[in-house]
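Chemist: Dock chains B and C against the given chain A, drawing on the hints supplied.
Chains as they are written, first to last, in numbering that gives the first Met the number 0: chain A, 0 to 1003; chain B, 0 to 342; chain C, 0 to 150.
Wrong hints could be hidden among the right ones.
Unchecked claim - Computed list of lysine-lysine pairs in BS3-like fashion (alpha-carbon distance at most 30 Å, straight line):
#1 Lys-228(A) / Lys-139(C)
#2 Lys-218(B) / Lys-132(C)
#3 Lys-500(A) / Lys-164(A)
#4 Lys-144(C) / Lys-259(B)
#5 Lys-148(C) / Lys-993(A)
#6 Lys-205(A) / Lys-240(A)
#7 Lys-145(C) / Lys-306(B)
#8 Lys-138(C) / Lys-228(A)
#9 Lys-330(B) / Lys-927(A)
Unchecked claim - Covered stretches of chain C (in silico footprint by chain A; criterion: 3 or more residues with CB under 8 Å from a CB of chain A, positions within the stretch not fixed):
#10 24 to 38
#11 44 to 55
#12 87 to 98
Unchecked claim - Here are the computed distance ranges between Cβ atoms for each label pair:
#13 Arg-580(A) / Ala-334(B): 38 to 48 Å
#14 Leu-436(A) / Lys-144(C): 46 to 56 Å
#15 Phe-204(B) / Arg-317(A): 56 to 66 Å
#16 Ile-341(A) / Glu-332(B): 36 to 46 Å
#17 Asp-956(A) / Leu-88(B): 16 to 26 Å
Note that these hints are calculated values from the structure, not bench results. Positions of the beta carbon are idealized from the N, C-alpha and C atoms, including for glycine.
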Amino acid sequence: MEKVGAVLVVGAGIGGSQTALDLGDAGFKVYLLESTTSIGGVMAQLDKTFPTNDCAMCIVSPKLVETGRHHNIDLSINCKILDVTGEAGNFTVRVLKKTLYVNMDNCTGCGVCGRACPVEAIDVFNEKLSKFAATAVKYPQAVPLVYAINKDYCIGCGICKGVCKANAVEYDLEDEIIELKVGGIVLSPGYDEYIPPEGNLYGYGKYKNVVTSIEFERILSASGPYTGKVLRPSDGDIPEKVAFLQCIGSRDFTGNGQPYCSSVCCMYTAKEAVIAHEHMHQIRPTIFSMDIRAYGKDFDKYIIRAQDEYGVRYIRSRISSVNEDPETKDLILKYETEDGKIIQENFEMVVLSVGLNPPDDAKYLADKFGIELNEYNFAKTDIFNPVQTTIPGIFVCGAFSSPKDIPETVTQASAAAGCVNTLLYEKRDTLITEKTLPPEIFVAGQPPRIGVFVCHCGVNIGGYVDVPQVVKYAKSLPNVVLADQNLYTCSADTQTIIKDKIKEYSLNRVIVASCTPRTHEPLFQETIREAGLNRYLFQMANIRDQCSWVHMNQYKEATEKSMDLVRMAVNKARNIQPLERIKLGVTPKTLVIGGGITGMVAALNFANQNFETFLVEKEKELGGFARNIYTTLEGGNVQAFLLDLIEQVKAHANIHVFTDAKIEIINGYIGNFKSVVIHGPENTRAEFEHGVVVVATGAKEYEPNEFLYNTNDNVITQSEFEKVINTTDDIKNKKSIVMIQCVGSRNEEHPYCSKMCCAEAIKNAILAKKQSPTTEIVILFRDVRTYGFKEKYYRMAREAGIVFIRYDEDNPPEIVPEGSKLRVNVVTPIKDNILINSDLVVLSVGIVAQKEDNEELGKLLKVPLNNDNFFLEAHVKLRPVDFATEGVFVAGLAHCPKTIEDSISQANAAVSRACTILSKDEIEAEGKIASIDPARCSGCGMCIDNCAYNAIELIEDRRFGSVAIINSALCKGCGACSGNCRCAAIDVAGFSSKQIYAMITGRL
Amino acid sequence: MVKSMGLETENKEIENNLREIARGLLKEKKVDVIIGYMEGTLPLLSQPIIIDSEEDVEKLIWNNLCYVNLAKYLVPRVPKFVNPEKGNLTVGVISKGCVGRGLIHLASENKINLDEIKIIGIPCNGVVNRQRIEMEIGEKEILEVSVFGDNIIVKGKDFEREFPYDEYMNDLCKTCKIRKPPLVSKSLDLCVGECEEYSNIVDDFSDISEFEALTPEEKWNQITEELSVCTRCYACREACPMCYCNLCFVDQNKPVWFGKTTDLPDVFVYHLIRAMHMAGRCVACGACSLVCPMGIDLNKINRKLEKIVKERFDFTSGLDPDVLPPMVDFKLEDAQEFALEED
Amino acid sequence: MTEPSVETKQSKNKEWEPKIIAFLCNWCSYAGADLAGVSRIQDPPNIRIVRVPCSGRINAYFIIKSLTDGWDGVLVSGCHPGDCHYISGNLVARRRFAILKELLEFFGIEPGRVNFMWASAAEGMRFAVLVRKATEIVKKLGQNKKFEKKW
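If we strip away everything but chain A, and leave its shape as in the complex, we get:
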């Protein structure tokens, strides 16, 4: 069957949105379906995110706005899948679009209906901690900003219909069924939080001051029910002692919760504890946990900071009971300490760190799409490709396949998009319709003719600001040839009016005084462009969100302020000029650095899409780190997978493999790189052009010199042990084996978790136990970090009789050779001395970055490393495989320690991100970017270090000597360079000094 160049994405949380953006940018038509009434999912509910404490709303809302406005993304809310037929490349999906009882085309999102609604509904977004109207948006920054009537609460009084001047409320709207033809499907429905059984679990639902972690997240949020103050629900007092109970509904084999680890709770709890203390210094958080699973990039450092800087107390214990003091509503916790003491302690508030469940409709979705679920009802995925479901052409990302955090979700979102790219690459740009626009009217040199459109926004502005007076004032301003008022300037009919007026009055600058440019500027820019004006000849005066809405009782002042804002906009408009987006060609070829699994997967996927690929490996053989790994914990045959991969790569006509190779030069920028590689025994020189770079240089094993490794043959590393059990049966001669975890990890020198060692140790221990059931195996650990579904194997190991003994970092085990034996002395955290006579000690050594190599490559590519010498991505949460430098991507161990599956996801993600560039013949630079006047520049180079995007360099100008120059392909237009430029040589288009000066001056 003919493939279709469209993709269905189910679920528009951060994962689904990222997939949609990637695919939309790569030239596919995307149908993005959301079951609720707005996109953003759980991330929009969060206050801050770990480990950077970034404000979630700040970073996610631009992405959501972009998703909502993307010309290749068709977003539908309030949807349900009805049925799916077809096969990879050509599916037919029928979807039920449930009505909102609000006409989405008419609704301007002004919110008058919600304020007029007399009925209180429960606010689900704020976790039922506050009330809402029955006519509402989910949260203030919702995308799309369309109000919906909740029929469960609506009493049909008709008030909202009465107040809506946009005529958007239509009670008789009906559900509709649509049919979509798509080539690929990505499922990203997210997860549902574990809801503790009311009253039965630690008093949740019974005691007011016991809340779940998501409820607590909303309490923390500045836009939450208490505007960011941490207050007890029972009496609104500030709690001092707050207890966080971990593993609620996770790692639970009793049947009440889930047996797996929810992966994210340890970190979000640490974050909530830190933020709570930051918001209210009197709060002293205590976290009760079994293990602290801080296995991600820079997570351990966060835990240490939580303890050292924010006084967060960690207690290893599972709480036995929570009771409420009926007087104070305080909570009395009973728990057993590690040394067996029973302690009773009072807390003023208890937070239950609830785990992640599969989405409630997992079975429904599985049934409709025909995919299999795993034993926990999460989507079952390929053992080496975590985004591939059991049906070809259907992919999954985010928490639907296993509990995961935001960066992993975003990585998988791009990875799924990468797989779709490989599946449908021939069909790019087949379903995209480009709008035909009239040629731009030439306005340069003409005196400004400004049209000002002042919006009433129903009563939103008109009710609090004297709009006619603002219009009158606008008319009086220089160069204003037209000033007019509209009921809703954003409505479809007003767009026609604006276009007509542009023609009628020969306007060459347009100002709309209404709401915020953050949401509406693109709409009006589109309108004036359709009328033939350059889209940058537009200005907005924000007289609603930042004026009428915040001064509702100050009519005169609000009117004056509106007039001032309009004048400032006019002053700026008089100085604006048309801007051009510079177009740059793209070389559709790729450079992949590193020939391990990550690099090979990336190379293969590029090659399969007909992008010529140069794969550079510094060793003589391909394979990288995985050459020492035989199986995965889950039983995947790594060696077979690796051999197959190497064969495919070597055989592929589109891949040039350079082994024993070193990169000599990388010049250029996004879309247009030129590199030189020296390779082979004869140092052959190869020079080629390419459009993108993927850094997949991997990492190496830590080389221990502790624990007698270098002096005693019976001390070996985990990978050496893996080789022994996979290639010999020596293990049968060993009576006792001791494994030591965290060797070269989580210490001062390497203050991070290597993520894979716990799983490796358990994998090898189970295998060894199978081969030789009488061998005693003891694992000495600090925390067992079998996150996610790996928890099963931890339990399996314990059931197989493998002994786990904990030690503290300050008290590492001691090894004393005694004849052919090794005496291992370990002191447990409660100071019990344990002696083990062992035949073999296995060191689970960590993963360390290739410092020198990374530094060298970092300099070549101008990309940064973190403190541990791993590469530092552009944004820890939302751009996990991008570098700040455009066109350069990172994947695999070079980024931080991770599993093979994660590396493969990152490889696919990097492919997808790269495809957003490679799929185009040319890319457009931003319009509002900085530029340098060489006559003014004195070449001090300060701007180069101020630029986060490596967009500036010093060149030798024939006339002006050494001057800085900005690469418009890389500039993001932030203006950090211009702010410090003493010579005032740098200006930023769209926010030029002249324009800003015009706004400052002429006050009266």
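Modeler: Below, chains B and C alone, put in the same frame as chain A:
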């Protein structure tokens, strides 16, 4: 500060040393030219000289009237030292502490290449506060200035006055902690003569604490009174080794940043913005004040700049070309006590 | 039209009110100001907002020009340090602002004339609270007359 042997002996010793070094460098062709000081055309002055032969070495002098920061002669607004056949010339610079600092900071701003420079380090004992002496002498013509013991002796037609050097030293020299040029450790052969490695400069900035304690109104009054005589001749800018913009902001149009008049607001803004541009860059040579024909004391502002960058960013300008200047660098944990917070 | 006339709704406020120019970064603070509006948090009507891409764009000229041009106060707000949409623009800016703030004070400008703050896109309430605070500070200082030209 002043050694017991007496100023004139000390100066003579320095002068002899630097001549010897200069002669050696020229002889061995380690430098092509040397920039230094020579006798001025008027008493109380010296002037810069550029020499390229051994004979001229005797013209080089050193005394407490060597005000100019010679680093200024290497920035781009001055034609480069180039030989059409040889390319860039190697320049020896007679460097007191602030000249060395100027060179090093200019190197960190890509303005000069330290490989083409030889810092001829000398231990500076400060320069005299010319304006103050001129003011005290008044209208009378000064015919001769000499140093005897620890005093400056000024002679005219019918008068002779002694000024204790300790008191009549330039204010910035009184607080100077970097009298010899900093030793740039990675290129040891850069420095001949006396250079010094500075690990951590300790300075309590007590000299400006009195002014800082004033109320805003008092500060405003004092500063505006001081600046009110400014004629915007830009001598301060021309003397400053760090003022090398192709087109100074005050001379720019589109937009005209600030008024070009000598009205107080415009004068005030000129000095405020110039201070802003000097933050983390001023090398405390005091050239700006020393050249001011109106006798405006800009040293207080320079000291404040030094204080801000030292206390906030632990930075002293012109010590190490490899340390990023404070306006280029940043840290997540930089102090932000000045930001508004909720009560 | 339903809007009442100026006279009937006019709040009777005879006191002098300062006019403050506010430079807000597009991604956090401007969004925070919008959120204050969406949440109908009432704040003083004294500020006039100028949108800039990033606090890193705000140079000393803009701030000083605002003062010399007669604005009674200047408010500058960016993303919280570490949250910058452009990675490090606000960190670069923070140093610039720290130096400028100290210099302004040294030159005798009242410390409250120019205020700096951070507010995120989720902090509508914080934005309003700090705008109120800044307005009160400037109001207490009285009119900015220092740069009036005498003739």
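Chemist: For every hint, state whether the structure bears it out.
Modeler: Comparing the hints with the structure gives:
| no. | hint | in the structure |
| --- | --- | --- |
| 1 | Lys-228(A) / Lys-139(C) | holds (29 Å) |
| 2 | Lys-218(B) / Lys-132(C) | holds (25 Å) |
| 3 | Lys-500(A) / Lys-164(A) | holds (23 Å) |
| 4 | Lys-144(C) / Lys-259(B) | holds (20 Å) |
| 5 | Lys-148(C) / Lys-993(A) | holds (22 Å) |
| 6 | Lys-205(A) / Lys-240(A) | holds (20 Å) |
| 7 | Lys-145(C) / Lys-306(B) | holds (26 Å) |
| 8 | Lys-138(C) / Lys-228(A) | holds (28 Å) |
| 9 | Lys-330(B) / Lys-927(A) | holds (27 Å) |
| 10 | 24 to 38 | holds (count 12) |
| 11 | 44 to 55 | holds (count 9) |
| 12 | 87 to 98 | holds (count 5) |
| 13 | Arg-580(A) / Ala-334(B): 38 to 48 Å | holds (40 Å) |
| 14 | Leu-436(A) / Lys-144(C): 46 to 56 Å | holds (52 Å) |
| 15 | Phe-204(B) / Arg-317(A): 56 to 66 Å | holds (57 Å) |
| 16 | Ile-341(A) / Glu-332(B): 36 to 46 Å | holds (42 Å) |
| 17 | Asp-956(A) / Leu-88(B): 16 to 26 Å | holds (22 Å) |
Against the hints set out earlier in the document, no violation occurs for any number.
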